[in-house]
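Generate the whole structure from the sequences, applying the supplied hints.
Line by line, the protein sequences give chains Y and S. All residue numbers for the first sequence refer to this note's numbering, where the first residue is 1 and numbers rise by one. All residue numbers for the second sequence refer to this note's numbering, where the first residue is 113 and numbers rise by one.
Since the hints were made in silico from the structure, they are not lab data. Backbone N, C-alpha and C fix where the C-beta goes; we use that ideal spot for every residue, glycine too. A portion of the hints provided could be inaccurate.
Pairs of lysine to any residue residues, derived as SDA-like cross-links and limited to a Cα-Cα distance of at most 20 angstroms, are as follows [stated by the list, open to error]: (1) S:K219 to Y:S84; (2) Y:K44 to S:S136; (3) S:K154 to Y:F10; (4) Y:K9 to Y:M19; (5) Y:K44 to S:G155; (6) Y:K14 to Y:R108; (7) S:K154 to Y:P39; (8) Y:K44 to S:K154; (9) Y:K9 to Y:V88; (10) S:K180 to S:S136; (11) Y:K44 to Y:V60; (12) Y:K9 to Y:P75; (13) Y:K44 to S:K219; (14) Y:K44 to Y:K57; (15) Y:K44 to S:Q114; (16) S:K154 to Y:A24; (17) Y:K44 to S:D139; (18) S:K154 to Y:G40; (19) Y:K57 to S:A212; (20) Y:K9 to Y:T20; (21) Y:K44 to S:T138; (22) Y:K57 to Y:T71; (23) Y:K44 to Y:V111; (24) S:K219 to Y:P105; (25) Y:K44 to Y:T55; (26) Y:K14 to Y:E79; (27) Y:K44 to S:R149; (28) S:K154 to Y:G3; (29) Y:K57 to S:E115; (30) S:K113 to Y:E59; (31) S:K154 to Y:T86; (32) S:K219 to Y:D38.
Short derived list, chain S residues pointing at chain Y, Cβ under 7 angstroms [what the hints assert, rightly or not]: (33) L156; (34) L161; (35) G211; (36) K219.
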Amino acid sequence: NAGVTQTPKFRILKIGQSMTLQCAQDMNHNYMYWYRQDPGMGLKLIYYSVGAGITDKGEVPNGYNVSRSTTEDFPLRLELAAPSQTSVYFCASTGDRVYEQYFGPGTRLTVT
Amino acid sequence: KQEVTQIPAALSVPEGENLVLNCSFTDSAIYNLQWFRQDPGKGLTSLLLIQSSQREQTSGRLNASLDKSSGRSTLYIAASQPGDSATYLCAVSRGSGGGADGLTFGKGTHLIIQP
Numbered sequence: 001n002a003g004v005t006q007t008p009k010f011r012i013l014k015i016g017q018s019m020t021l022q023c024a025q026d027m028n029h030n031y032m033y034w035y036r037q038d039p040g041m042g043l044k045l046i047y048y049s050v051g052a053g054i055t056d057k058g059e060v061p062n063g064y065n066v067s068r069s070t071t072e073d074f075p076l077r078l079e080l081a082a083p084s085q086t087s088v089y090f091c092a093s094t095g096d097r098v099y100e101q102y103f104g105p106g107t108r109l110t111v112t
Numbered sequence: 113k114q115e116v117t118q119i120p121a122a123l124s125v126p127e128g129e130n131l132v133l134n135c136s137f138t139d140s141a142i143y144n145l146q147w148f149r150q151d152p153g154k155g156l157t158s159l160l161l162i163q164s165s166q167r168e169q170t171s172g173r174l175n176a177s178l179d180k181s182s183g184r185s186t187l188y189i190a191a192s193q194p195g196d197s198a199t200y201l202c203a204v205s206r207g208s209g210g211g212a213d214g215l216t217f218g219k220g221t222h223l224i225i226q227p
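Structural data, given as structure tokens:
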């Protein structure tokens, strides 16, 4: 199993541009999550999904959108990128009643 | 709103010492607590998960305890090695969704083990 994969690894965006961060898992997990991590801070939950077609807001959803059309994929869309969205983005998944979360390697995004 | 605090923020000890990392949380109504390790520029690796009904979990030289009623967890690392140098993150389940609603994280403890 590849586990949780994320693409791209790095990206630089100009203010106002849009992009989609990709996340995929091959563990047949129902639950998937997007977090962001700012320097010296813990991770904050952006959005999560409890199954295909079902998404919900986390702690910091403004400026982001998600969709979940398949069990495997959970893309995160940034519209009109702002410098405040410069961060490292992590995708995670879990699949059983214990809810142990498994994380991808992250995407480092810079908005200038 | 759940808040997670980790003390100390940074720790530097000589190799071979036993050490304790602390985590506290403000709302005791959690489903589980998870300890992670994060190496510089890398993702998170799950170390231990303690369900709310459990008191502790062990994996090799690591032991994590949970006192839900007082809102505290500790991560004990025995016989520390330079390879243990990393940032250690504590996280608790959010809300009342039975653990599926995601995690609330502390800011981490940056650990350096001196050879």
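Right, here's what the structure says about each hint:
no., hint, verdict
1, S:K219 to Y:S84, "holds, 19 angstroms"
2, Y:K44 to S:S136, "holds, 17 angstroms"
3, S:K154 to Y:F10, "holds, 12 angstroms"
4, Y:K9 to Y:M19, "holds, 13 angstroms"
5, Y:K44 to S:G155, "holds, 14 angstroms"
6, Y:K14 to Y:R108, "holds, 14 angstroms"
7, S:K154 to Y:P39, "holds, 13 angstroms"
8, Y:K44 to S:K154, "holds, 17 angstroms"
9, Y:K9 to Y:V88, "holds, 10 angstroms"
10, S:K180 to S:S136, "holds, 10 angstroms"
11, Y:K44 to Y:V60, "holds, 7 angstroms"
12, Y:K9 to Y:P75, "holds, 14 angstroms"
13, Y:K44 to S:K219, "holds, 10 angstroms"
14, Y:K44 to Y:K57, "holds, 12 angstroms"
15, Y:K44 to S:Q114, "holds, 12 angstroms"
16, S:K154 to Y:A24, "holds, 17 angstroms"
17, Y:K44 to S:D139, "holds, 17 angstroms"
18, S:K154 to Y:G40, "holds, 14 angstroms"
19, Y:K57 to S:A212, "holds, 13 angstroms"
20, Y:K9 to Y:T20, "holds, 12 angstroms"
21, Y:K44 to S:T138, "holds, 17 angstroms"
22, Y:K57 to Y:T71, "holds, 18 angstroms"
23, Y:K44 to Y:V111, "holds, 19 angstroms"
24, S:K219 to Y:P105, "holds, 18 angstroms"
25, Y:K44 to Y:T55, "holds, 16 angstroms"
26, Y:K14 to Y:E79, "holds, 12 angstroms"
27, Y:K44 to S:R149, "holds, 16 angstroms"
28, S:K154 to Y:G3, "holds, 15 angstroms"
29, Y:K57 to S:E115, "holds, 18 angstroms"
30, S:K113 to Y:E59, "holds, 10 angstroms"
31, S:K154 to Y:T86, "holds, 17 angstroms"
32, S:K219 to Y:D38, "holds, 10 angstroms"
33, L156, "holds, 4 angstroms"
34, L161, "holds, 5 angstroms"
35, G211, "holds, 4 angstroms"
36, K219, "holds, 5 angstroms"
No hint from the list above goes unmet by this structure.
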